[in-house]
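Trainee: Listed here are the chains, written in short residue letters.
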Amino acid sequence: MSGPRIDMIGNARRALQDPALQQQLRRAMPSFRRQRDAAVAEVADWEYLRSTAAAIKDHALAHLDRYLTELEMQVAVRGGVVHWAADAADARRIIVDLARRRGIRRVVKSKSMTTEEIHLNPALEREGIVVVETDLGEYIVQLAGETPSHIVAPVVHKSVEAVADLFAAKLHAPRHERPEELAGVARQTLRAEFLAADMGVSGVNFAVAETGTIVVVENEGNARLTTSRPRIHVAVMGLEKVVPRLADLGVMLSLLARSSTGQRASVYVSLLSGPRRPGEPDGPDELHLVILDNGRTRLLGDPDLRAALRCIRCGACLNICPVFERAGGHAYGAVYSGPIGAVITPVYEGLDRAGELPFASTLCGACAEVCPVKIDLPRMLAELRGRAVRAGHATNLDRLFARAWTLLMERPARLWIAGKIGRTLQRVAVRGRRIDRLPYPLSGWTAHRVAPPLATQSFREWWRMDRGGGR
Amino acid sequence: MSRDVILGRIRAAREALAWAAPQGAEPGTAAPASDALPALPPAQRFPDIVGLFVQRARQVGMLVDIVASPAEAARRVASLCGERGMRRAAAWATPDLAALGDVLAAQGIEVLAPGSSVEQVATADLGVTGAEWGIAETATLVLPSGPQQPRLASLLPPVHVAVLAADRIVPDLHALFARVGFLPSALTLITGPSRSADIGLTPVLGAHGPMEVSVVLIRS
Numbered sequence: 000m001s002g003p004r005i006d007m008i009g010n011a012r013r014a015l016q017d018p019a020l021q022q023q024l025r026r027a028m029p030s031f032r033r034q035r036d037a038a039v040a041e042v043a044d045w046e047y048l049r050s051t052a053a054a055i056k057d058h059a060l061a062h063l064d065r066y067l068t069e070l071e072m073q074v075a076v077r078g079g080v081v082h083w084a085a086d087a088a089d090a091r092r093i094i095v096d097l098a099r100r101r102g103i104r105r106v107v108k109s110k111s112m113t114t115e116e117i118h119l120n121p122a123l124e125r126e127g128i129v130v131v132e133t134d135l136g137e138y139i140v141q142l143a144g145e146t147p148s149h150i151v152a153p154v155v156h157k158s159v160e161a162v163a164d165l166f167a168a169k170l171h172a173p174r175h176e177r178p179e180e181l182a183g184v185a186r187q188t189l190r191a192e193f194l195a196a197d198m199g200v201s202g203v204n205f206a207v208a209e210t211g212t213i214v215v216v217e218n219e220g221n222a223r224l225t226t227s228r229p230r231i232h233v234a235v236m237g238l239e240k241v242v243p244r245l246a247d248l249g250v251m252l253s254l255l256a257r258s259s260t261g262q263r264a265s266v267y268v269s270l271l272s273g274p275r276r277p278g279e280p281d282g283p284d285e286l287h288l289v290i291l292d293n294g295r296t297r298l299l300g301d302p303d304l305r306a307a308l309r310c311i312r313c314g315a316c317l318n319i320c321p322v323f324e325r326a327g328g329h330a331y332g333a334v335y336s337g338p339i340g341a342v343i344t345p346v347y348e349g350l351d352r353a354g355e356l357p358f359a360s361t362l363c364g365a366c367a368e369v370c371p372v373k374i375d376l377p378r379m380l381a382e383l384r385g386r387a388v389r390a391g392h393a394t395n396l397d398r399l400f401a402r403a404w405t406l407l408m409e410r411p412a413r414l415w416i417a418g419k420i421g422r423t424l425q426r427v428a429v430r431g432r433r434i435d436r437l438p439y440p441l442s443g444w445t446a447h448r449v450a451p452p453l454a455t456q457s458f459r460e461w462w463r464m465d466r467g468g469g470r
Numbered sequence: 000m001s002r003d004v005i006l007g008r009i010r011a012a013r014e015a016l017a018w019a020a021p022q023g024a025e026p027g028t029a030a031p032a033s034d035a036l037p038a039l040p041p042a043q044r045f046p047d048i049v050g051l052f053v054q055r056a057r058q059v060g061m062l063v064d065i066v067a068s069p070a071e072a073a074r075r076v077a078s079l080c081g082e083r084g085m086r087r088a089a090a091w092a093t094p095d096l097a098a099l100g101d102v103l104a105a106q107g108i109e110v111l112a113p114g115s116s117v118e119q120v121a122t123a124d125l126g127v128t129g130a131e132w133g134i135a136e137t138a139t140l141v142l143p144s145g146p147q148q149p150r151l152a153s154l155l156p157p158v159h160v161a162v163l164a165a166d167r168i169v170p171d172l173h174a175l176f177a178r179v180g181f182l183p184s185a186l187t188l189i190t191g192p193s194r195s196a197d198i199g200l201t202p203v204l205g206a207h208g209p210m211e212v213s214v215v216l217i218r219s
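As given, the protein sequences belong to chains A and B, one line each in that order.
The first sequence begins at 0 in numbering that gives the first Met the number 0 and counts up one residue at a time.
The second sequence begins at 0 in numbering that gives the first Met the number 0 and counts up one residue at a time.
Because the hints were derived from the structure by calculation, they are not lab data.
It is possible that some hints are incorrect.
Said to hold, decoys possible - Derived, one-sided and incomplete: chain A residues facing chain B with beta-carbon distance under 8 Å:
1) 27
2) 29
3) 32
4) 55
5) 142
6) 146
7) 151
8) 154
9) 176
10) 197
11) 274
12) 280
13) 399
Predicted, not measured: the structure shown is a model, and the values here were computed from it.
Just so it is clear, CB atoms sit at the ideal spot from N, CA and C, and this is done for glycine as well.
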């Protein structure tokens, strides 16, 4: 819908030539996977939890109008205000208007992909409002003028040295080298921001319809400060975040903590039901909940892709994806990266803009296996590839290849002849039972991989001679 | 009105799907979910939930002191303050913590009552709170907010001490949510000290909240 076509292939090529990035990814991703695997392994009924979570989400999605209006009513009963935003511009207008009417000067934010999605910060800054990201990773991203490269670990692309350089340059502080010192500098700087801010903006991990409760999950404590300290709290949620019952959280929180960071429980889970009540010494005076559509109802009406709305943004599919581990999150050129990003970006931003995103996968299936809410990501990617081709996104070479393949597979005789020809031709290319280089257009395959040679005998030949003859 | 637009889109999406996917289509793609909410897992059974809580609390970096009575809990917190030279504590003022506040005050420690300014609470050496429940499987403390239970006492000071009665420990999250009836403006689940691994994947404690969390467990 917006912006130029994402150049995933070009981005990935540049990422592969960035040794610092490669080193970060090769260190981080296996470590994320090990932590997740260990945390999942100690749960006896993991599959049962996954199925239950998928069923809860499917149920909520099937009755989304009912649960969102129930949520709206329950939030209002507890003194909160609900706003509905049809798209990103709508959401920005709601929050900017609110800030303007309340005379807000300083905003602190806790980590929220949804506010990244609606590009909230520049909109507030245009009003002369100071916006400070307070999650340590997001703070670093903001100082560097970058975007998060991972939905859970926003600065996974940056080394300690890079952060040390950044802090020394931007914070006019003596240079520190150790992570705990750097975190200490950030803690001190941000503590002052928390005390000065008059509005806090957070995301929402889950929203409970029956109690009007907003759930925010984190490890640092910045979200607790953001939602407790300033006099106004604005929470921004995608409309798919609603769950029917408070007790559903038992399932959802277990899956989220173990899948995302390999913890049994995240350090802080805040269940917020309305603003501060009479007599309470802290908490915000006002709580505003912004319910965002921005393309989600398009997914909802899409029979093949709808289950992507079950996503709880744990990041497990990013961490296990061989393409993500090499290309990194920025290569996806969109707010949401990895396999889930490759599925939802084409719907949220359009197939034209998404370009090769649905093709940025080997369809190995690992993402579907780790997904805590059982989203069949590989199948969705295959579906989107089909749509991209039908929309005319195939190259002439793709079409030629598909046509040739069809011709070959239509008649057994053609395949047999092609096999004969191939086995004869490949003699010049096979070196030591492998093929290292093929001529154009097949060179694209062998540029990064070794191709196995065709077998000296086709299966049918083998069957006829060996199995048939041996009887 | 965006509200009506969005609700209209949701209903239109459901109607479109009813055409596209008849009942009983492949699960997980488009089949309309049944009207019944799925059953939730029962609480797990552990042979020794207090023991499990203690073991797992230590695994996530919390210190656990087991005491026999509220009076002993108060003495334990007071001696912690003495050892560490702590001068100022932000404390809950719930009835079960009143005696503790008195013991600290008697020792010359300034006890900040609920309603103290946030700037003051930020200068406290220690935050003292109760905990409504503990969760054994995850070693989690559950803290409600309230007039006598400021949220920031467990967040701003560098050290957080929570007093928990052993008979308030439940096996897991499922058991917790089966018990929670009243929801305060903030119900906070705390599992270990504040942490971040954003810089170089190195875990750092005290990212924004306390770098030390101690549980004084009353097992009478």
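Trainee: Now, for every hint given, state plainly whether the structure supports it.
Mentor: Status of the hints after comparison with the structure:
| no. | hint | verdict |
| --- | --- | --- |
| 1 | 27 | 6 Å, holds |
| 2 | 29 | 11 Å, violated |
| 3 | 32 | 13 Å, violated |
| 4 | 55 | 6 Å, holds |
| 5 | 142 | 12 Å, violated |
| 6 | 146 | 15 Å, violated |
| 7 | 151 | 10 Å, violated |
| 8 | 154 | 6 Å, holds |
| 9 | 176 | 10 Å, violated |
| 10 | 197 | 13 Å, violated |
| 11 | 274 | 7 Å, holds |
| 12 | 280 | 4 Å, holds |
| 13 | 399 | 32 Å, violated |
Hints 2, 3, 5, 6, 7, 9, 10 and 13 from the list above are not met by this structure, while the remaining hints are.
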